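**Student:** Here is what each chain is made of, one letter per residue.
Number of protein chains: 2
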Amino acid sequence: MTTTLNPRRTIDELKELRALTGDENGAQRVAFTPVWVRTRAWLREKLEALPVEVHTDAAGNLWATLRGESERALLIGGHMDSVPNGGWLDGCLNVLAGLEILRRLNDQYRGRPPVTVRLVDWADEEGARFGKSLFGSSACSGNLDMNEARTLRDKQGVCLPDALLEVGIEFERAKESGVELNHAAAYLELHIEQGPVLLDLDLPLGAVLGTFGVQRHAIVFKGQAAHSGSTPMNRRRDAFLAAGKMAQEIYRIAEKHGGVCTIGSCTTKPGIVTSVVEECRITLDQRHLDGAALAAMLADARAASERFAREGNVQVNWERLWEIAPMPFHPELIDACDVAIEETCGVSHRLPSGPLHDAAEVARAGVPTVMMFVQSLHGISHNKIEDTKEEHLELCVRAFDRLADKTIAWIGGAK
Amino acid sequence: MTTTLNPRRTIDELKELRALTGDENGAQRVAFTPVWVRTRAWLREKLEALPVEVHTDAAGNLWATLRGESERALLIGGHMDSVPNGGWLDGCLNVLAGLEILRRLNDQYRGRPPVTVRLVDWADEEGARFGKSLFGSSACSGNLDMNEARTLRDKQGVCLPDALLEVGIEFERAKESGVELNHAAAYLELHIEQGPVLLDLDLPLGAVLGTFGVQRHAIVFKGQAAHSGSTPMNRRRDAFLAAGKMAQEIYRIAEKHGGVCTIGSCTTKPGIVTSVVEECRITLDQRHLDGAALAAMLADARAASERFAREGNVQVNWERLWEIAPMPFHPELIDACDVAIEETCGVSHRLPSGPLHDAAEVARAGVPTVMMFVQSLHGISHNKIEDTKEEHLELCVRAFDRLADKTIAWIGGAK
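Taken in order, these protein sequences are the chains called A and B. Each residue of the first sequence is one higher than the one before, counting from 1 in the numbering used here. Each residue of the second sequence is one higher than the one before, counting from 1 in the numbering used here.
Hint data in this document are derived by calculation from the structure and do not stem from the laboratory. Bear in mind the structure is a predicted one, so any value in this text is a computation, not a measurement. There may be inaccurate statements among the hints.
[As the list claims (entries may be wrong)] Listed below are the simulated EDC-like cross-link pairs for lysine to aspartate or glutamate, each with C-alpha atoms no more than 20 angstroms apart in a straight line: (1) A/Lys46 x A/Glu16; (2) A/Lys384 x B/Glu278; (3) B/Lys175 x B/Asp162; (4) B/Lys222 x B/Glu249; (5) B/Lys384 x A/Glu279; (6) B/Lys269 x A/Glu279; (7) A/Lys175 x A/Asp162; (8) B/Lys384 x A/Glu278; (9) A/Lys406 x A/Asp335; (10) A/Lys269 x B/Glu279; (11) B/Lys46 x B/Asp107; (12) B/Lys15 x B/Glu390; (13) A/Lys175 x A/Glu148; (14) A/Lys406 x A/Glu343; (15) A/Lys406 x A/Asp107.
Turn these sequences into a full structure, and let the hints steer you where they fit.
**Tutor:** The following block contains the structure:
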């Protein structure tokens with residue numbers, strides 16, 4: 001069945017891409033920049049060898065379509081864009097593994113597979129330049145907040161619509177890309193894990209259950225500035241004391257509910273060595289695959305912050321920064337992914353995805369979706385040290401290819 | 001004895017000064033600025049009514065000398081400079097109460113008191129512009145670190161020697177001001193408390209035991225940045241968690257040893273909502289009147305930080321920012337101060353000073369020293385809301401005047 005699949009070629013192409021678009025600090029394929037445009041040209045060259053129709057949609061997503069017996073389509077996706085100084089696999093592994101599967105299917109079915117197969121390179125998954133991820137896929141899914149996106153600016157003050165125009169994308173028409181999902185029957189995405197779960201289990205591959213829901217808040221404790229030398233300890237209204245208690249409490253909350261909680265930043269006012277902290281602002285990021293559990297984690301954190309505020313005679317205020325609901329993947333496709341992994345390397349593991357992915361947007365649009373993760377050597381992403389063993393890269397291409405076959409069969413059966 | 005003492009006049013002069021040198025945000029008498037120069041001119045006008053010799057020493061301290069029968073001198077000091085947006089009493093109450101006492105002594109002794117009496121307005125007590133307090137008094141005491149002070153710059157990049165030159169002070173000669181202490185037999189300073197101790201005890205006045213020793217450090221915890229969504233809680237090396245534990249621990253340490261400990265600032269790197277904190281830097285200010293207890297507080301904090309670092313698999317490094325030994329005041333003058341307060345308002349209280357004062361520098365130079373504190377209404381200083389009841393202001397001038405008389409007698413007895 002996979003006689004012509006060549007995972008080595010995928011690895012060679014990843015290295016070719018790294019040489020073309022990376023430097024000593026890592027990958028530099030930031031969306032809508034000249035390096036990203038060059039990356040896309042390179043990808044189009046690779047696609048020219050196949051009998052696929054290639055076009056860019058209204059949101060700047062690149063589609064390569066191999067027409068099949070049915071117009072019902074299997075979508076395979078990824079993103080060629082990276083963060084600045086990014087890793088060599090994040091996003092492009094997905095696309096290049098998909099490219100290899102297109103080649104295999106084209107060979108096997110002599111240019112006419114049972115269902116239509118489409119490879120998509122989503123535009124600006126990372127959101128590195130404008131601080132807002134999943135532009136292309138959320139435009140396509142219809143979830144993009146146009147009013148918010150219209151006003152986004154990069155560090156140079158360039159707004160998103162102007163940056164898009166430079167690469168030929170008309171911002172106001174971005175949601176017209178939604179037509180691309182008209183005949184979508186399933187969506188598959190391979191990705192490097194970006195965490196240490198598979199590494200700790202010493203497993204090469206995992207089937208992804210869905211993406212975490214996220215509750216993201218700023219918590220501001222407000223006490224009273226007071227001289228560090230003249231203010232008795234029992235008279236203090238110390239905003240940092242309350243924030244410090246939260247640092248430990250979030251570990252208890254995460255353990256109780258089985259999610260993750262992170263305090264990522266802390267700022268203090270007046271923030272001088274000779275004063276008790278008057279105002280302390282921390283950010284809290286909470287994630288869980290289950291919506292009810294996520295809500296319970298948030299409620300616990302709120303209650304704890306109010307308790308600590310009372311104990312320290314300070315005030316506390318919460319400000320919502322962002323939230324997104326959990327996005328569970330399709331149960332039958334998760335099963336198929338599990339089986340494809342087991343058939344390839346003997347053992348599989350199911351895990352949620354902490355980070356968001358384009359797959360979550362496609363799933364949110366109602367397309368049956370699943371992702372496959374491959375082990376990350378250091379459990380680290382968005383960094384030049386991101387890496388995966390070559391034997392694992394080969395395994396992931398093989399397992400993902402098996403998943404494609406199973407999904408084509410599943411689409412056929414569901415027809 | 002105090003027939004001509006007029007505390008009401010002191011209050012009126014304080015209000016006159018407030019109108020002349022403050023605005024809606026508070027006092028603006030920052031050292032070496034035009035407002036400070038105007039303040040000094042105003043003070044010189046007040047002194048012109050007295051048969052005193054007035055001059056500025058090599059460090060910019062202003063001295064008014066009323067020659068006595070003996071050249072042995074009672075010094076009464078304060079500082080006319082304020083922080084930006086400061087309180088109306090901090091520093092200038094001391095000087096103006098001293099001025100009133102000079103008037104009373106001049107009247108009583110017809111221009112020739114038993115000992116020489118000198119009023120000093122120290123230059124740049126606050127250190128608001130160059131970040132280093134006690135310039136004038138530490139130059140005079142000989143403790144000023146010339147190499148450090150020479151390189152201090154304000155926010156505009158102006159260095160201290162250049163700023164001094166603009167008001168006629170030659171930096172390199174500042175320590176020549178030490179000659180002013182040649183015949184000093186005692187030093188007295190009145191000050192608003194800057195804390196809530198007397199307020200809580202509902203007492204107008206207190207005798208100060210000395211100034212706290214200070215140990216001031218930056219503590220840097222270093223862990224590992226990791227994605228907030230993909231990193232399991234038990235895999236984290238969270239620098240903020242360790243810092244948060246310190247927030248509570250310093251309260252235990254302060255209680256155990258009877259001093260004060262303050263974490264005044266906290267900064268986080270990378271400091272973004274989607275990453276575990278890699279590096280967290282906090283400042284720790286510890287103060288105690290007893291040197292051994294101060295050393296024990298420091299040792300406890302170090303041990304705790306190392307324990308928290310081990311628990312969280314992070315590293316910790318300490319960096320000394322500043323330190324100063326405790327400076328106990330003179331036991332016999334503390335007794336005299338206590339008695340002067342009791343005679344004036346029936347009850348006294350002894351307390352240490354958390355903040356530093358010029359008095360600590362004079363004491364360090366070997367001059368017998370004591371301070372008197374008057375209650376602060378909100379326990380707050382360095383703020384426009386700083387205030388003291390007028391009846392307490394009257395009491396403090398009266399008690400401080402009594403202390404001056406007792407100290408003159410003490411100097412005579414010790415001769």
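**Student:** If a hint holds in the structure, say so; if it doesn't, say that too.
**Tutor:** How the hints compare with the structure:
Proposed proximity of A/Lys46 and A/Glu16 is supported: the alpha carbons are some 12 angstroms apart, at most 20 angstroms. With a CA separation close to 17 angstroms, the supplied pair A/Lys384 and B/Glu278 stays within the 20 angstroms bound. Distance check on the hinted pair: B/Lys175 and B/Asp162 sit about 17 angstroms apart at the alpha-carbon level, within 20 angstroms; holds. Between B/Lys222 and B/Glu249 the alpha-carbon distance is near 19 angstroms, which keeps this suggested pair within the 20 angstroms criterion.
This hinted pair checks out: B/Lys384 and A/Glu279 have alpha carbons roughly 19 angstroms apart, not beyond 20 angstroms. A hinted pair counts as satisfied when its Cα atoms are at most 20 angstroms apart, and B/Lys269 with A/Glu279 qualifies at roughly 19 angstroms. For the hint linking A/Lys175 to A/Asp162, the alpha-carbon distance of about 17 angstroms falls within 20 angstroms, and the restraint holds. Taking the CA atoms of B/Lys384 and A/Glu278, the gap is about 16 angstroms. The hint holds against a cut of 20 angstroms.
Of the supplied pair hints, the one linking A/Lys406 and A/Asp335 holds, its CA atoms being roughly 10 angstroms apart against a limit of 20 angstroms. Our distance criterion of 20 angstroms between C-alpha atoms is met by A/Lys269 and B/Glu279, whose separation comes to about 19 angstroms. For the hint linking B/Lys46 to B/Asp107, the alpha-carbon distance of about 15 angstroms falls within 20 angstroms, and the restraint holds. Only pairs whose Cα atoms come within 20 angstroms are accepted, and B/Lys15 paired with B/Glu390 is accepted, the gap being roughly 11 angstroms.
Distance hint between A/Lys175 and A/Glu148 is fulfilled; the C-alpha atoms sit about 14 angstroms from each other, no more than 20 angstroms. Annotation: proposed proximity of A/Lys406 to A/Glu343 holds, straight-line Cα distance about 12 angstroms (limit 20 angstroms). Between A/Lys406 and A/Asp107 the CA atoms are separated by roughly 17 angstroms; this keeps the pair inside 20 angstroms, and the hint holds.
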